[in-house]
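*Asks:* Construct the complete structure from the given sequences, taking the supplied hints into account.
Here is what each chain is made of, one letter per residue.
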Amino acid sequence: MKIAVCVKQVPEGTKRLDPATKRLDRSGEGALNPFDANAVEEGLRVKERSGDGEVVVLTMGPPAAADAIRKALAMGADRAVHVADDNIAGSDLLATSRVLAAALAREEPELVLFGQQSSDSDGAVLWAAVAERLERPVISQVAELTVDGRKVRGKRQTEYGYDVIEAPLPAVIAVSDAVNEPRYPSLKGIMGAKKKPQEHLSLGDLGLDAAQAGEGGSATTVLALSEPPPRGESRRIEGDGAVAEIVAFLEEKRLV
Amino acid sequence: MARRGLVRPPTPAPERPRARGPVRPSDWPPPFSPDEVIAPPTDPPEERIDVGVAIVGAGPAGLACAIRLGQLLEEHPAVAERLGEVPVAVLEKGKQPGSHLLSGAVVNPRAFQRLFRGRKRTDELPFSRRVDHESVYFLTRSRALRIPTPPTMKNHGNYVASLSELGRWLAEEAEAAGTTILPETAAHRLLVDGARVVGVRTGDRGRGRDGSPLANFEPGSDILARATVLAEGTLGHLSGAALHRFGLGGENPQVWALGVKEVWRVAKPLDRVIHTMGWPLRSSAQLREFGGSFVYPLGDDLVSLGLVVGLDYRDSALSVHDLLQELKTHHLIRGILRGGERLEWGAKTIPEGGFLSLPRRLHAPGLLITGDAAGLVNVPALKGIHYAMESGRLAAEAVFEALRPGRTTWTPGALAGYDRALQDSFVWSDLQRVRNMRQAFGRGFWMGGALAGMMTASRGMLPPGNARTEPDAEQRLIRTDRARRYPRPDGKLTFDKLSSVFSSGNKTRDDQPSHIRVRRRVPIRLAEMWVRMCPAQVYELGEGHGDGTVDVQVTPSNCVQCGAITAKGGRLTMPEGGSGPEYTRT
Amino acid sequence: MSVLVFLEHHGGQLEKGPLGVLTKAATLGDADLAGVLVGAGVRELASEAGKFGAAKVFVWDDQSLEAPLPQPRVDALAALVEQHSFQTILFAGSVLATDVAAGLAARLEAGLNWDLVDLVAQDGELVGKRPALQDTVYADVGWTSTPRLALFRSGAFDAAASGGGEPEVEEFSAEPRTFSTAATMVEQAHEESSGPALDEADVIVAGGRGLGAPEKFTLVEELAKALGGAVGATRAVVDAGWYPYAHQIGQTGKTVSPKLYVAVGISGAIQHKVGMQGSNVIVSINKDSNAPIFEYSDLAVVGDLHEIVPKLTELVRQKKGN
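Going line by line, the protein sequences match chains A, B and C.
At the far end of the first sequence sits residue 279, using the numbering used here, and the numbering has no gaps.
At the far end of the second sequence sits residue 589, using the numbering used here, and the numbering has no gaps.
At the far end of the third sequence sits residue 326, using the numbering used here, and the numbering has no gaps.
Since the hints were made in silico from the structure, they are not lab data.
Be aware that a few hints might be false.
[Claimed, not checked] Once the Cα atoms are required to be at most 25 Å apart in a straight line, the calculated DSS-like pairs of lysine-lysine come out as:
(1) K324(C) x K276(A)
(2) K258(C) x K510(B)
(3) K276(A) x K263(C)
(4) K55(C) x K276(A)
[Unchecked claim] Sample of chain A residues with no beta-carbon within 12 Å of chain C, all distances over it, derived:
(5) R68
(6) P86
(7) R121
These numbers come from a predicted model, not from an experiment.
For glycine and all other residues, C-beta sits at the position ideal for the given N, C-alpha and C.
*Replies:* What follows is the structure, given as structure tokens:
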């Protein structure tokens, strides 16, 4: 079974928005998006449980986005595909899902895995868009995953408790951070990562042109950055009437 | 023949040290023995990992060593063949190279030029900008008196740089030269086979607070190497144990200073390198407050500033972090930071003993010690980076020679070429020239200043002889009300310790065993000293016992691994790899 | 500007989140404000939406749509958009809505902005407002084409009945794609008996070192139960073994953004703050009037938590009629 895990490189250290481009400053060091580590781990477990298969790690980003891949390979992924093209910068959900879907279509995996969200844009939207483009069923927020022959079953957490949803393979699954505890790469894993196959693709290799990615391929834009509005007046109370005042406050806010 | 330079035995701690009365941190030693850290390999042979040369620490010393080895191995494939699939491995305990690197820094490019042998132009080196102007000030609370720059501190021809960025750049060069870098990998134990050093054991990952393995427990591994180069930096974990085990200690014990620094984005570019002395440190000899501050332009809109204070200070109320906050309220500094915002914070110790505290030997069979771990820092010139790199480069050459066909790294003198080369180098002559500078300042700023002037003028000939130093942990503690003057953090110019720890990028996993070894019940004055000393608020006062002692509460996940506790009565050991700060511009 | 709001239902009622979005959309001044409701047995719920501003509600009521699965709903909305040319489609944040909005964006090749906390008309254009970088910065975001899709942060708007009349209810259906119905619901969620999970809870009551002893956590638990919320803990108390790590909120624990966060005996260092600063309303109780948490609380209660919390719990119970 071929398992494709989509991973993202996110900036290390304190994240900054570049006021000029209004985009995340990705110029510094990067690391594997922590939530994607869960997805890589789950992919490895599915492969280990089924006894055979291949875990391919896929990422798109500037050429320097290699650290995320390296960590995934060190954990045990078999190979990596890196869509590296300068025109990718500034891609929104539409453009990103378009590029990823093209790369995934090229691989034709049975199972596509995503992590819960990306720590840099807090988005939980990518997989549903990719599933749509691939025309595959999608199950998100999966806290427990079982793959059984040609079916996949996900136990997912919603506002109301846990659903159990089943879908036939090929399918797209987004795992939540509750699904597993990612393994630490072993030293042998770290040392062996360099030798594993890493493919670098351009947009052209995917049959896409520059206008379909980056800002040109996006339909949303960041207009301005500003300070968040202050929380508003903080009300301070003390003394005997405090409890009644608290409840009055909560009632006023319709929280009780 | 009496051996000069025998390891000075520590002053024996009294049987039951008094909880009241004069308190010395050394009377309350931590539950730690260097022997814990040195042992034979334990993994079965088929699980051991073999590398050619293991370098511990991806700092300037370790990476210069790796780069030089890469150059030599490329020119001599016969030697490379002997080293197997992974000829050079660098172990780094931080998240990645640079995560644990911190300095001012003003760098002498000399070592870079020697390392890259003219193959890189200066503008290709990862420096921020050249030092064109510099000023030294003596501060009082309200004034800044310009004083002539001491000759030892002149920085013409040097460059301002972020050591963390330098580390990342050097790491890329090392990888390009064939090095395997192992990030998030702590070297936990030095592996020996009799008297030979045969490698290092890495630390376990995935243990819970009580030590039991968690679901993703990954045990450490024995890494076997023909040569192990320790480049751990200040207060190196394995280096300290090795110096002890192999009897390598120098004439004077090593002493340290603690530096706390911040990186700011500023509204008005700073046009020069600034050093200050005096306020907020006090000049009385009794207090032993030796140090000063630096303010460096790190690019057009960035400034790096910090305060460095010797850890032989006596006042338990002294907090270098809070003194740095106080320093920022001085009109000279406030003006530089006006309209700016703090981007990063960090802390690290610096070895200050200089030439006379250098170990008498820096090699043993299969082992070399380089950089700050060896104490190669020129305190009056505030320089250590180029010495670290040069020592790493020379270590590489010595290792390479011992790896030639027909030779070995294991015999007692096999790596002695390193010490000889170091002694013939500018590292040695520079350090020797300023050997008594720091010790002079142990007698207070004014007396020290006069002695320093005498030393400089005579190029190290006067005063004759060698001054002694005492270990930092043997200083008797006193207590003043200094803490009352620390500014209350306003979150804009001055900051508290916890938000500073946050600003270092520290996201240490909480559920792991504590890596801090201290006595958990000590006299209150000692506990107070630790509470103030630690820039990361690792220690807090716990329950008092009514007999003058108090419990010490420890929050290990705050730790930024500066090392100060090791100098002052405790012991920092290595937490899980990847823990600690994630410096990017320090 | 024609606006369509994705309505949701649960337990025989319309969900408050989308009604809040409807309320907000009504203020944007559009007479063609419509809602869409897809599910089984939802027909009779449609008229409720009129009170919150919907002039029209599109309904697709079918047994096959009982399970709240996203992909058939993408088909439904896509069909509606194609027929009626909606320019703006709004979603309230939920597990279901997130998947529907993203799938629909890809289907229509339309821009989606998410995690919005507000939407305004600026110079004739719609502009969304969203926090970023753990709520430390605000971004104004826009769309460069229509239709525009917007997904709001859960709880961004209160539902307020504006007294609108009966909406026009129009039934519709759509042809689902093959892959849309491939996923099936094996077991649908039911209310957790032990209270909401921390991540999804609307109310969280969290305890810190100010509690003094591990036994005192019962105060926190009782208040959480009375408010119908989940229990959280700071790193300090988890470190000390007073409460399990699964409840830790902060930089090295969970990040939460409930409607109400009650901090009991918590000083509020930044390591904790980054885990809960996105909460709508923050109430903190601490006896130290200089506690940093007061600087970012909406209601700062200076006092002894051991006195205040039990009385507060009792009063809340009374108010809720328990």
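*Asks:* Now look at each hint and say whether the structure bears it out.
*Replies:* Now for the hints, and whether the structure bears them out:
{"no.": "1", "hint": "K324(C) x K276(A)", "verdict": "15 Å, holds"}
{"no.": "2", "hint": "K258(C) x K510(B)", "verdict": "13 Å, holds"}
{"no.": "3", "hint": "K276(A) x K263(C)", "verdict": "10 Å, holds"}
{"no.": "4", "hint": "K55(C) x K276(A)", "verdict": "21 Å, holds"}
{"no.": "5", "hint": "R68", "verdict": "21 Å, holds"}
{"no.": "6", "hint": "P86", "verdict": "24 Å, holds"}
{"no.": "7", "hint": "R121", "verdict": "8 Å, violated"}
When the structure is compared with the earlier hints, a violation turns up for hint 7 alone.
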